[in-house]
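Whenever a hint applies, use it, and build me the whole structure from the sequences.
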Amino acid sequence: MNNTVIKVLRKPITSAIIAILIGFLVAAIVLASAGYDPGASFAALFSGMVGRPRYIVNVIIKATPLLFCGIAVAFAFKVGLFNIGAEGQYILGTVAATIVGIACDLPAVLEIPLVVLSGTIAGALSGALIGWLKAKFGIHEVITSIMFNWISLYLCNYVVSLDVFHQPNTTGTYAVHDTAFTMILPNWKLSDEGQAALANVPVLRDVLVRCDVNVGIIVAVVAAVFIGWLLKRTKMGYEMRAVGLNKDAARFAGINVEKNIVLCMVISGALCGIAGALNITGISPHGISTLAAFENNGFNGLSVAFIAGCSPVACIPASLLFAGLIYGGQTVQQTMGAPSEIISIMIGTIVFCMALGGVIPMLAEHIQRSRAERAEQARKLAAEAGATPVAAAGESGSQKDEDAAEPKAPAEASPKAAEPTDSSEKKGADGDAR
Amino acid sequence: MEASPDYAVQMHGITKTFGSFKALDGVDLDVKKQTVHAILGENGAGKSTLMNVLYGLYQADEGEVYLGGQSVQIQSPLDAIAHGIGMVHQHFMLVENFTVTENIILGDEVCHSMGVLDMARAKKEVEKIVDEYGFEVDPDAKIEDITVGMQQRVEILKALYRGADTLILDEPTAVLTPQEITQLIKIMHGLVAKGKTIIIITHKLKEIMESADACTIIRRGRYMGTVDVSKTTEEELASKMVGRHVSLTVEKGPANPGKTVLSVKDLHVKDARGIEQVCGLNIDVRAGEIVGIAGIEGNGQDEFVEAIDGLAKVDSGTISVNGEEIQNTVPRNVLDHKVATIPADRQRFGLVLPFTVAENVILERHQEEAFGKGATLDYGKVRSFTNGLIKEYDIRPADCVDSLAGGLSGGNQQKVIIAREVSSEPDLLVAVQPTRGLDVGAIEFVHKALIRERDRGAAILLISLELDEVMDVADTIAVIHHGKIVGTFKQGTVSEEKVGLLMAGGGKQ
Chain A
1 MNNTVIKVLR KPITSAIIAI LIGFLVAAIV LASAGYDPGA SFAALFSGMV GRPRYIVNVI
61 IKATPLLFCG IAVAFAFKVG LFNIGAEGQY ILGTVAATIV GIACDLPAVL EIPLVVLSGT
121 IAGALSGALI GWLKAKFGIH EVITSIMFNW ISLYLCNYVV SLDVFHQPNT TGTYAVHDTA
181 FTMILPNWKL SDEGQAALAN VPVLRDVLVR CDVNVGIIVA VVAAVFIGWL LKRTKMGYEM
241 RAVGLNKDAA RFAGINVEKN IVLCMVISGA LCGIAGALNI TGISPHGIST LAAFENNGFN
301 GLSVAFIAGC SPVACIPASL LFAGLIYGGQ TVQQTMGAPS EIISIMIGTI VFCMALGGVI
361 PMLAEHIQRS RAERAEQARK LAAEAGATPV AAAGESGSQK DEDAAEPKAP AEASPKAAEP
421 TDSSEKKGAD GDAR
Chain B
1 MEASPDYAVQ MHGITKTFGS FKALDGVDLD VKKQTVHAIL GENGAGKSTL MNVLYGLYQA
61 DEGEVYLGGQ SVQIQSPLDA IAHGIGMVHQ HFMLVENFTV TENIILGDEV CHSMGVLDMA
121 RAKKEVEKIV DEYGFEVDPD AKIEDITVGM QQRVEILKAL YRGADTLILD EPTAVLTPQE
181 ITQLIKIMHG LVAKGKTIII ITHKLKEIME SADACTIIRR GRYMGTVDVS KTTEEELASK
241 MVGRHVSLTV EKGPANPGKT VLSVKDLHVK DARGIEQVCG LNIDVRAGEI VGIAGIEGNG
301 QDEFVEAIDG LAKVDSGTIS VNGEEIQNTV PRNVLDHKVA TIPADRQRFG LVLPFTVAEN
361 VILERHQEEA FGKGATLDYG KVRSFTNGLI KEYDIRPADC VDSLAGGLSG GNQQKVIIAR
421 EVSSEPDLLV AVQPTRGLDV GAIEFVHKAL IRERDRGAAI LLISLELDEV MDVADTIAVI
481 HHGKIVGTFK QGTVSEEKVG LLMAGGGKQ
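In order, the protein sequences belong to chains A and B. Residue numbers for the first sequence follow the numbering used here, beginning at 1 and rising by one. Residue numbers for the second sequence follow the numbering used here, beginning at 1 and rising by one.
Keep in mind the hints are simulated off the structure, nothing from the lab. It is possible that part of the hints are untrue.
As the list claims (entries may be wrong) - Each computed DSS-like pair below joins lysine-lysine, with the alpha-carbon atoms no more than 25 angstroms apart:
| # | chain 1 | residue 1 | chain 2 | residue 2 |
| --- | --- | --- | --- | --- |
| 1 | B | Lys270 | B | Lys33 |
| 2 | B | Lys490 | A | Lys235 |
| 3 | B | Lys448 | A | Lys259 |
| 4 | B | Lys313 | A | Lys259 |
| 5 | A | Lys7 | B | Lys270 |
| 6 | A | Lys247 | B | Lys265 |
| 7 | A | Lys136 | B | Lys270 |
| 8 | A | Lys232 | B | Lys373 |
| 9 | B | Lys313 | A | Lys136 |
| 10 | B | Lys265 | B | Lys206 |
| 11 | A | Lys247 | B | Lys22 |
| 12 | A | Lys247 | B | Lys313 |
| 13 | B | Lys33 | B | Lys231 |
| 14 | B | Lys381 | A | Lys235 |
| 15 | B | Lys448 | B | Lys381 |
Claimed, not checked - If you want a taste of the chain A side facing chain B, the calculated C-beta under 10 angstroms gives, among others:
| # | residue |
| --- | --- |
| 16 | Phe24 |
| 17 | Ala28 |
| 18 | Lys232 |
| 19 | Arg233 |
| 20 | Thr234 |
| 21 | Lys235 |
| 22 | Met236 |
| 23 | Tyr238 |
| 24 | Glu239 |
| 25 | Arg241 |
Just so it is clear, CB atoms sit at the ideal spot from N, CA and C, and this is done for glycine as well.
Here you go:
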């Protein structure tokens with residue numbers, strides 16, 4: 001039975017779940033020490049997430065850009081790039097989508113693809129420039145992409161200030177033409193006919209009328225699956241992973257490292273850009289506003305990616321959870337009267353513990369090792385006591401065989417040391433053929 | 001054997017397990033005072049584990065350790081040092097931008113009162129030891145400025161400074177040039193004459209024959225016996241170590257050279273710092289022959305190979321493969337000209353360690369239609385292709401197709417690379433240090449693979465720092481010095497001494 005425990009602990013999903021639980025535990029302590037009842041707070045949090053169909057939909061809407069940005073960051077990370085510029089690329093997506101959506105007035109079949117594509121291209125171009133600077137001149141992508149975040153932010157504010165786009169007496173632009181909207185049944189649900197039909201189905205009315213339910217999440221989930229497939233199952237993904245894991249070997253093998261870096265940043269930027277564009281077409285106010293600070297869709301995307309262990313598909317639950325915490329957190333604020341800082345600390349704590357998820361497999365190792373040591377001692381004691389050691393030794397032996405699949409020991413002893421610790425000749429050579 | 005004061009170190013019945021794996025199983029070691037005692041074994045046989053037990057890095061599960069006849073418990077390296085045991089690791093633990101003296105006293109500093117360093121006295125103490133053992137090391141030189149051989153002496157000095165009577169040298173010759181090896185052996189004998197005892201861990205037979213008095217052989221964690229080196233042969237040691245007969249001489253038929261495959265004319269290449277490393281190199285390699293380039297490290301070999309592979313810019317001169325110039329193109333173009341390379345640094349250039357074996361096998365060839373139509377990769381095909389190679393090249397463990405390459409042993413990693421490079425049936429195979437760090441059995445395998453490729457009709461360019469390897473395997477021996485070929489000989493027409501002299505820049509033809 002204990003072996004099953006260890007096996008379960010080794011699974012990544014277990015780490016995530018335990019980390020979340022620990023996160024809640026720590027958050028409970030924080031809440032309690034600030035004078036708020038943790039139980040009631042969490043109850044409020046969960047009812048704020050899933051208490052009504054509308055809440056669930058709003059969580060999904062919030063999760064959409066986080067998912068896109070999460071995939072973008074995870075994808076770049078697999079290719080060895082740290083795209084901290086997801087935020088800026090997202091903003092550029094919103095800006096381009098807004099400009100094109102206001103400037104062009106075409107039928108929906110053309111308008112929607114055009115607007116979404118323009119946002120995607122804007123993000124992609126920004127990514128391309130960052131990638132090109134990295135590939136051509138070796139300028140680190142973290143520096144350039146952080147700077148691009150600010151450039152994008154102020155570009156956004158500049159565009160809002162232009163008379164052509166600025167809606168008087170507001171801090172934002174006009175909305176894009178309604179042919180660009182990507183909500184589900186945007187017109188029907190507000191028509192008399194639609195209202196009448198929905199009146200009998202409160203769940204649907206709650207979902208459709210009272211929030212901007214849109215197609216973004218479907219695109220995002222498709223993108224997550226596609227990017228996962230691209231990385232794992234295509235030659236292009238293979239090359240990119242090789243570049244991410246060992247540039248020298250990739251170059252040596254005839255792979256164009258520079259091309260792959262640029263291409264990766266193009267795709268990563270495009271994913272952020274499409275997130276921005278779909279938020280413009282999908283949710284009101286369907287335009288951009290002056291940004292005093294970052295909205296954090298891109299930065300939270302970083303968290304989502306790392307919670308998901310940089311697996312594109314795992315970004316789907318991670319983004320939903322993250323969005324749920326943010327959205328549900330508002331309810332805690334309202335019902336408990338807790339200041340928003342406490343909510344932020346609570347969310348931060350949970351995410352922090354999830355980021356520490358890697359500790360759990362180590363815990364499994366530790367349990368296993370100390371058990372092996374105990375078994376060893378027991379065997380020695382049995383031998384010293386003059387008892388027949390056969391039974392004890394046999395038992396502990398077989399047990400060890402099962403759970404010590406990978407002896408956690410110095411290089412010489414572990415033929416399957418999963419982690420090549422350094423490139424030293426000896427370590428590699430010394431765990432030799434047996 | 002009974003514990004006796006005549007022995008510097010005695011280890012009896014040492015057993016050490018890691019998890020379910022028995023690294024050492026009742027191993028004995030008796031090292032007489034004032035001798036050089038070799039511990040021989042294949043990679044992973046347990047030599048290093050045994051020495052780590054002696055040095056207190058591991059605790060043995062069973063067994064006794066005696067020093068000078070006294071039973072001791074060594075719990076940590078500090079205990080070992082206190083008992084007069086010093087260890088020089090294969091990878092030096094020196095601070096690059098410190099001087100020799102500073103490195104030697106590090107951790108055991110000579111101080112005035114109040115903990116202020118007394119460098120003058122420290123230097124004097126270091127000089128005293130340097131002179132006593134005739135080390136010829138400048139105490140004021142910075143580590144980064146001295147050769148690898150000198151750095152090793154600093155490591156030995158560090159141990160002596162701490163009062164070591166018994167020195168453990170872990171694979172001391174792995175990083176040295178032939179000349180430095182000779183000097184090291186001289187130093188070892190000098191130390192023994194001054195009353196020290198030396199244990200060397202190695203898998204190189206020749207050095208044991210030259211330097212050691214006795215040799216203990218370990219195979220797969222088991223004690224295989226101790227032999228008097230003066231009464232044994234290399235062949236006997238090799239077969240005891242591997243457990244089967246190993247051919248130490250390279251068996252091959254005469255070469256049948258065909259048309260010229262690689263032709264290098266007046267090649268000039270600079271290194272990353274802008275210093276010219278290849279300075280007018282000329283060489284031809286024909287189909288069906290092995291041309292070996294012998295030379296001391298840093299004489300332009302790395303830059304030469306990088307130039308062939310399209311990784312380094314060629315300033316002037318040409319590299320032609322089958323009549324087509326390939327210099328200053330991209331690696332893909334070089335590969336498309338059917339040039340395969342077994343790189344010197346297999347973990348940096350040869351493999352993507354976090355990739356599986358299967359993924360590594362198709363590196364360079366992943367775009368081929370055989371591994372998936374269009375843009376997709378067909379892992380079923382990749383895996384079955386890999387399994388074929390695993391069988392053909394005896395890559396172990398046999399079920400490693402989905403294991404990470406980083407988890408394989410060095411010898412098996414090299415087999416993966418060789419399998420990949422050879423399976424593409426290249427016209428030109430460039431093998432750089434193909435046996436570095438490998439044990440006797442694996443070396444034999446690599447040499448056989450090279451000769452098989454030669455007999456298939458490939459042109460082979462073998463670049464090695466091991467002079468023996470070039471002398472034994474190559475049909476034509478070329479000597480490189482300062483980025484130029486300074487001599488070319490047919491195998492059997494030149495002595496090792498002559499080649500060694502040319503390598504060092506002497507004896508112009």
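The hints, checked one at a time:
1. Restraint check for lysine 270 (chain B) and lysine 33 (chain B): the C-alpha separation of about 51 angstroms exceeds 25 angstroms, so the hint is violated.
2. The hinted pair formed by lysine 490 (chain B) and lysine 235 (chain A) fails the criterion: a straight-line CA distance of about 45 angstroms is larger than 25 angstroms.
3. For a cut-off of 25 angstroms, the pair hint linking lysine 448 (chain B) to lysine 259 (chain A) is broken: about 39 angstroms separates their Cα positions.
4. Only pairs whose Cα atoms come within 25 angstroms are accepted, and lysine 313 (chain B) paired with lysine 259 (chain A) is accepted, the gap being roughly 19 angstroms.
5. Our distance criterion of 25 angstroms between C-alpha atoms is broken by lysine 7 (chain A) and lysine 270 (chain B), whose separation comes to about 54 angstroms.
6. With a CA separation close to 30 angstroms, the supplied pair lysine 247 (chain A) and lysine 265 (chain B) exceeds the 25 angstroms bound.
7. Distance check on the hinted pair: lysine 136 (chain A) and lysine 270 (chain B) sit about 21 angstroms apart at the alpha-carbon level, within 25 angstroms; holds.
8. Distance check on the hinted pair: lysine 232 (chain A) and lysine 373 (chain B) sit about 15 angstroms apart at the alpha-carbon level, within 25 angstroms; holds.
9. Simply put, lysine 313 (chain B) and lysine 136 (chain A) have alpha-carbon atoms about 16 angstroms apart, close enough for the 25 angstroms limit, and the pair holds.
10. For the given pair, lysine 265 (chain B) sits about 37 angstroms from lysine 206 (chain B) by alpha-carbon distance, which is inconsistent with the 25 angstroms threshold.
11. Among the hinted pairs, lysine 247 (chain A) with lysine 22 (chain B) is inconsistent with the structure: their alpha-carbon atoms are about 37 angstroms apart, more than 25 angstroms.
12. Annotation: proposed proximity of lysine 247 (chain A) to lysine 313 (chain B) holds, straight-line Cα distance about 18 angstroms (limit 25 angstroms).
13. The suggested pairing of lysine 33 (chain B) with lysine 231 (chain B) holds, with an alpha-carbon distance near 19 angstroms, which does not exceed 25 angstroms.
14. Taking the CA atoms of lysine 381 (chain B) and lysine 235 (chain A), the gap is about 13 angstroms. The hint holds against a cut of 25 angstroms.
15. Annotation: proposed proximity of lysine 448 (chain B) to lysine 381 (chain B) is violated, straight-line Cα distance about 28 angstroms (limit 25 angstroms).
16. Hint status for phenylalanine 24 (chain A): violated, given a least beta-carbon distance of 33 angstroms to chain B, over 10 angstroms.
17. Among the interface hints, the one on alanine 28 (chain A) is violated; its C-beta lies about 38 angstroms from the nearest C-beta in chain B, farther than the 10 angstroms criterion.
18. Given hint, lysine 232 (chain A) at the interface with chain B, holds; its Cβ is 8 angstroms from that chain's nearest Cβ, closer than 10 angstroms.
19. For arginine 233 (chain A), the suggested interface contact is upheld, since its CB lies about 6 angstroms from the closest CB of chain B, less than 10 angstroms.
20. With 10 angstroms as the threshold, the beta carbon of threonine 234 (chain A) comes within range of chain B, its nearest partner Cβ sitting at about 5 angstroms, so the hint holds.
21. Residue-level restraint check for lysine 235 (chain A) holds (minimum Cβ-Cβ distance to chain B is 5 angstroms; threshold 10 angstroms).
22. Annotation: interface hint on methionine 236 (chain A) holds; nearest CB of chain B at approximately 6 angstroms, less than 10 angstroms.
23. Because the beta carbon of tyrosine 238 (chain A) sits about 5 angstroms from the nearest beta carbon in chain B, less than 10 angstroms, this interface hint is met.
24. Given the 10 angstroms rule on beta carbons, the hint for glutamate 239 (chain A) holds: about 7 angstroms separates it from the nearest Cβ of chain B.
25. Interface restraint check: arginine 241 (chain A) against chain B, minimum CB-CB distance 7 angstroms, threshold 10 angstroms, status holds.
Violated hints for the displayed structure, listed by number in ascending order: 1, 2, 3, 5, 6, 10, 11, 15, 16 and 17.
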